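Participant: Okay, here's what each chain looks like letter by letter:
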Amino acid sequence: MWPPEVATNPFPIHRKIKMYTKKSTPWLYLAPALTLLGFFLIYPSFHTLYLSFFDKGSNVFVGAGNYIYAFTNRVMLTAFRNNALWVVVFSAITVFLGLVLAVLLDRVRYEVIIKSIIFMPMAISFVGASVIWKFVYAFRPAGAPQIGILNALLQTFHLPPVAWLIERPWVNNLCLILVGIWVWTGFCLVVLSASYKSIPRQFLEAARVDGANEWRIFWRVILPLLVPTITVLTTTMAVFVLKVFDIIYVMTNGNFGTEVIANRMYKEMFQFGNFGRSSAIAVVLLVLVLPMMLLNLHRFKREEK
Amino acid sequence: MAKVLLKGVSKEFGKVIAVKDFTLDIKDGEFIILVGPSGCGKTTTLRTIAGLEEASAGEIYIGDKLVNDVPPKNRDIAMVFQNYALYPHMNVYKNMSFGLRLRKVPKPEINKIVRRTADLLGIGELLDRKPKELSGGQRQRVALGRAIVRDPRVFLFDEPLSNLDAKLRIAMRAELLDLHQRLKTTTIYVTHDQLEAMTMGDRIVIMNEGVIQQVDTPQVVYDHPVNRYVAGFIGSPSMNFLSPTIVKENGNFYAADKDYKLKIPGDKAKLLKDYVDKEVVLGVRPEHIDTKATKRDHDPGGVFSASIWVVETLGSEKLVHIRSGEKYTLIARLDPHADIKTGETVEFVANMNLSHVFDKETEEIVF
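Each protein sequence line maps, in turn, to chains V and W.
The numbering of the first sequence is the working numbering, which starts it at 3 and goes up by one.
The numbering of the second sequence is the working numbering, which starts it at 138 and goes up by one.
You may find that some hints are simply not true.
Said to hold, decoys possible - Facing chain V, a subset of chain W residues (Cβ under 8 Å, in silico):
| no. | residue |
| --- | --- |
| 1 | Leu183 |
| 2 | Leu189 |
| 3 | Lys210 |
| 4 | Tyr224 |
| 5 | Leu264 |
| 6 | Pro268 |
Honestly, the hints are just simulated from the structure, not real lab data.
Remember, predicted model here, so these are calculated numbers, not experimental data.
Glycine included, each C-beta is placed from N, C-alpha and C at the ideal position.
In isolation and in its complexed conformation, chain W is listed as follows:
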């Protein structure tokens, strides 16, 4: 186990900058997630930590040792690849023991470790099989096993669950977490799935275009995104964005457009004094929109009316796409038994205390 420190790491491929000035302090035993859309540099960062790519600039420490010039084999890390990369000519036992055999660990010892790990992962019966005789889930476990037997200081996971079907993915998510709680090995996990990031990470690192956007615990990232990008990326369905203008009337601040006028709560209003008569981005999460009829203690400043365009019934909730005029579509997450019909015009209420305003130019959060 070890902490991992990245100081100003950059990686360029010719003229393309894949990762830019990446600085991150990963604590010993932490489960950290790098998340972002494809091409955001998360996998490149992981491969740089592994030593499979050479950093163009910056310093990488594993433990207290600077490893920039240390080849992958001496970094004492284990990596699980997206498509598992199991050696096709070796059976499960040979695959799992490969690293130990290279290190000249005595045979009885290898045998003990491999069998123990295989049992831990529930693949004890499969040790004689070749990878092509295994299902996706089983291959995934073998790849995990190959990483675990080495007892490395750091685990690197590169989208390990993306090749599994949805059901198996959820089961493996829980298993990975359970495994981490038992082994307590520092883990760096790359995914493009924000749900995976939210559910698994001690902290998550949201990246875009090679740059870190925000690093924090899942709840903080969800509640207090630092910019519009993070606000839109985390959460499903994603945050609704509107483009109102801030207006000031009788000392009160409103976010207003042709079809609505929403009052900004007093304590937040003072943050908007520079934005009067300017367009901003208003962000409201789907669960912060409700119908006026069901929300008794609603904030009267957040009421607006809109017509119901599409209703998605999910059983546990209803996702309602609402429209006002042609200008905007919002998604509201409503009670599954909410009595609403497509085409109706209904009064809705947005919880303005939990909404966010972003600067239109910089897209940074105002509150």
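Bound-form chain V, shown alone:
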């Protein structure tokens, strides 16, 4: 007989269990990851928030005291200014250089070799890079033999030596940012180069036949097609550099007006043993990173559609 008779389940409770397991299965698989995240990310975050309202030894409730400190203390204000400088200058220059190099190197014969050389600093840790650049920036008073290459060059041209890491506020901060740029430009170059190469050549050829010169092709065809990559890269760089720590810690330890938020947090915690202040600074840092994370999440969601 067609259609066949559908057997009705004589035990409705079984059906209920079945439905229940269907709904719970995904959660079952997610559980281990969620548990780990809960223990190592969510719980510590809230605990940090909790600690930030207490004093040095986490005993006395101080209300917003630590936050008032974080937003009024002179060194903290310098740190905020420097972090802003890092975010703007570092993100802009790494991405810009990466883009320019990606497009130019595509026309060069030994592209792979040059790309490898530019990418190489990525293999060095920030600490290692900082040590290298500390030598580059090394300063001896005028008249003494210079061991840093920059000052040695100046000396060759009979110019007075510059205290690269002490001259505040622009010279030393920009010198520190330069180290970060040196390390990370290669990364931006590789990402943008891959994205650039994935643009079908026919778009460029069509534009060429349409009457565009190379400059116009870059602005009207290539750049618009790279915008998604540039956005992701810029926000990633910005989030990353908001948390910058190693370079400052190794090269100046935040002296001479080069303090940054993460280094301040470290000092409050491990040098001054002030859990309250350190936690408050950590929370501030987290809040600063959040909008950019949300922006990226929003983008991912849109792209998934």
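Once you've looked at the hints, dock chain W against the given chain V.
Facilitator: Below, chain W without anything else, positioned relative to chain V:
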């Protein structure tokens, strides 16, 4: 509009010779087709005319101007690419007007031209859409529109219909022809589809391994192929090739093999006097083979018998694969109502007046 002249153009990629000594005079307003299998150099030739590839040797003229050293943007040509190459970040309007905007044409003028062209192509409603929101056929029209709005001197088409489904392809073929009749712009069209070449071209250029084989109107190429390659490439199903030996008996010439002996008509026989007792290639088109029973006024010299192997019924005709022994398989195009059955042995007749003989060594045509 302009004529295009290629003089001894060659293109080498390292050691590979893609195009060799290509000489062709394309008349103003002509619709010319470059056809050949993939890798035959037809697209390279087109890209060389566009300026996207630099010719290794030879001269290219568009109009009266030597353009070898002129960049693509100054050649006043428009190209339609195989996968359309529509700018994905621009909507249809922006895509179509891109070339005009680069040339700083006044905005109202651009607006007028784009809308007129869009209406001509039936895409007036789609101007705000992005390419990814369009179907294949619509993208094809936008790509065409982008080429047309510029009113270039030459259109270059690189397999523009190959990404469309069969039905749409036939419709677009007619539309392209209609468009060409209206615009009368010199058109160079590359395809690997011999049917497209036959139906669309004023003249077709058949290429193989970078070398021009034959340039002529579709009918001449079909009726008088210059060599075995062209004979086999043009026509579907393709020409049947046999390898008989020429024998002379009582002053008559025959193309003979173990299973058949076909008489060469008198006027053509004299061309074969150097081939006596030599193997040649005999070419017979499927429509020139018929059953003896249906062909009343047949030429008795062309009769041979063979067994029917496979019958393809197409409705408008029957394609019959016939075999004699194990040695050869021929395809005959028969009347759809021909009364034949698989496995039968039937007497067939080949129209020897319309058959061709090719030299076995050089593969050039004898007649």
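Participant: Each hint should be assessed against the structure and marked as holding or not.
Facilitator: Okay, the hints, checked on the actual structure:
no.	hint	in the structure
1	Leu183	11 Å, violated
2	Leu189	5 Å, holds
3	Lys210	4 Å, holds
4	Tyr224	6 Å, holds
5	Leu264	18 Å, violated
6	Pro268	11 Å, violated
Violated hints, in rising order: 1, 5 and 6; the structure is consistent with all others.
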